[in-house]
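There are 2 protein chains.
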Amino acid sequence: MMQDKQYLMIPGPTPVPPAVFSAMARPIIGHRTEDFAEMYKRIVEKLQVVFQTKNDILVLTNSGTGGMEAAVANTVNPGDKVLALVTGNFGERFAKIARAYQGDVDEVNFSWGESVDLKVVEEKLKNNRYKVVLATQNETSTGVCNDIAGIGALVGKTDALLLVDGVSGVGGLEIKTDEWQVDILVTASQKAMMLPPGLAMVSVSPRAWEVIKESKSPHFYLSLSAAKKSYDKWNTAYTPGVSLFAGLEAGLDMMMAEGMSNVYARHKLLSKAAQAAVKALGLELFAREDSISPLVTAIKSPEGIDGDDIRKILKKEFGVTFAGGQSSLKGKIFRIAHMGFADKMDVIIAISALEMSLVRMGIPLEMGKGVQAAQQVFLGGK
Amino acid sequence: MMQDKQYLMIPGPTPVPPAVFSAMARPIIGHRTEDFAEMYKRIVEKLQVVFQTKNDILVLTNSGTGGMEAAVANTVNPGDKVLALVTGNFGERFAKIARAYQGDVDEVNFSWGESVDLKVVEEKLKNNRYKVVLATQNETSTGVCNDIAGIGALVGKTDALLLVDGVSGVGGLEIKTDEWQVDILVTASQKAMMLPPGLAMVSVSPRAWEVIKESKSPHFYLSLSAAKKSYDKWNTAYTPGVSLFAGLEAGLDMMMAEGMSNVYARHKLLSKAAQAAVKALGLELFAREDSISPLVTAIKSPEGIDGDDIRKILKKEFGVTFAGGQSSLKGKIFRIAHMGFADKMDVIIAISALEMSLVRMGIPLEMGKGVQAAQQVFLGGK
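So the sequence lines, in the order shown, correspond to chains Y and X.
Residue numbering for the first sequence follows numbering that gives the first Met the number 0, beginning at 0 and increasing consecutively.
Residue numbering for the second sequence follows numbering that gives the first Met the number 0, beginning at 0 and increasing consecutively.
I should point out that these hints are in silico values taken from the structure, not numbers from a laboratory.
Every value quoted in this text rests on a predicted model; they were computed, and no experiment measured them.
Among the clues, some could well be false.
Copies of one chain are not kept apart here, so a pair can be met inside one copy or by any two copies together.
[Stated by the list, open to error] Simulated pairs of lysine-lysine, BS3-like, Cα-Cα distance not exceeding 27 Å:
(1) 331 - 80
(2) 267 - 232
(3) 299 - 311
(4) 232 - 329
(5) 271 - 329
Whole structure, please, built from the sequences with the hints as guidance.
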């Protein structure tokens, strides 16, 4: 196995483009400088295009979970009623954070592999007065994406704030923050945004700022009020990851150059090709057809085979890393991410390596069939 | 098409591993320093493993052709008899350089796509007294490699010096400089050595040094005597590309870590897979079976199709760059390099992109068939 020649296909951290690494290698700048302020301002303007929002977008120096905690810690006071819409591991994490801040959490679990059922949300909102609703845009643990537009339309009719974990979605999956009435949207650097881990981006609506003012929970580093005070002067409350900021701007520039609609179309195409390949190989997708995330394809391990054994061969023989199943799904599924810095050839690599690994394990299948199905999708069904 | 996501598959420059770029990004060091001397010494020790020689190996700051010129300019005086064994474009270039230094060049052209016929060499050496014999280890223009061991055994029986252009071969194709009696071996940084272009490495045998002492041709920057004087103090006559030196050491370290026999086996495996794929798709290899280079696969353009049109689609739709045919082969062949920083997945990418491009051009073929043939080679025929 060659050093350095590795194919990382997990839902974050994801591969980083050379242009982003180049930007990160620029000389370190001081954060209390005009240069930093100008860069922060430019970054926010570009993020507002991606988020489709006029809201403030605070860039925090921590990974995604820190961003999720900031959203909760600044809005949920002890005893506050919280509705948590859970479709997998990351939905559970969001609920867990709310409980850590002594929220009175009403956790609704949808079947893993399915998305949030809007009828259930409607019913819940009718019968309860929540202060905060927690939802996950893209649930990478199950390869499912949720209908944030639909959830937002329902929550928007109530007084509750809608907090969305867009950590693995934003940048690859369209989000209309303002139109869909998302009060706090959180994303992070290491997924579809094509950066190393270390930054969280948090947009806050005017309605959310009103609630944040009344925050009683203890917090300091994750204080959005402190962040906002500095943000108004294009600065940060505490030392920001200046190199990651530089990389973030470079990544955003790549996305702007490609065009956001092309970025989303690319992810959908990769997903469609991966799905076609999986079916052609006689394997089963884990997520329900209508809920499948365009950013990650979750596949059921073949009968009697541990998915983690497939993953070992993939890594050892072909340098390809897929993600495994989490919690109760361990060994039962494996997941191929195609988010961020990914294109057609990554799907070809993933599928051809999967074919070879399965054959290596003695599973009868015709190699090349999955690749062919992906190729046909890429050629537009021809 | 995504920025930055491109697959370069030409026979040099080739992709550079991150570890090499990282080494090149280290702070610039002065070249008249102990640090540089120590680095040069270490590099030469590692190059001697790759070259399989005890000879001096001078590292010159110029690309491969400069190294070839240094070999010729320092050994060929006006009127000297030179035997040039030509199997393609780069063999022609070597002969052209010898003529530029007014050598009396006996150029023997073998059919393009075939390797040097040892019987012809034997005959030539019997009937003539040459001062210098020029040969190409790996002729990338036709995807052919020559039997340097066989040529060396014949030339070694005469007084002639054997000068070998190993620019595209060394590092991917085994060479036994001492055992095969190669007097001057030239290679360059940007092929199987996995570096950007800018360095040539030239090994010189004791016998060659005797001849070089008598050199009468004009040269200065390319003077091997000047280089040798500095080399004996682990220095260079003129300013060396210090960052490329640092990268060269990192690349050599990667090769040592993999093990040279594994490096050669990897290249052979990639070549075997590419050949199998080409045949499975009903395409024709350009080089004669027994002469095929393990570093580059030359393929005949299908009847009535211009290879350069295939290459345009490959680049535009899939970000994949193959090399075209040179001189009289323009449009008639195209070439896939799998040298240096290349592994199994690069062949899969090349073949799947080729399949899609041919179908896009209306050529009837079953996509996935070529990929399957490559996969079978990778799995050891299972």
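We went through each hint and held it up to the structure:
Within a single copy, residue 331 and residue 80 get their C-alpha atoms no closer than 35 Å, and across copies no closer than 72 Å, so neither meets the 27 Å cut-off. Neither within a single protomer nor between protomers do residue 267 and residue 232 lie at most 27 Å apart by alpha-carbon distance, with minima of 38 Å and 60 Å respectively. Taking the shortest alpha-carbon separations for residue 299 and residue 311, only the intra-copy value of 16 Å comes in at or below 27 Å, while the best inter-copy value is 39 Å. Taking the shortest alpha-carbon separations for residue 232 and residue 329, neither the intra-copy value of 47 Å nor the inter-copy value of 60 Å comes in at or below 27 Å.
In this assembly of identical chains, residue 271 and residue 329 lie within 27 Å of each other by CA distance solely inside one copy; the values are 25 Å within and 38 Å between copies.
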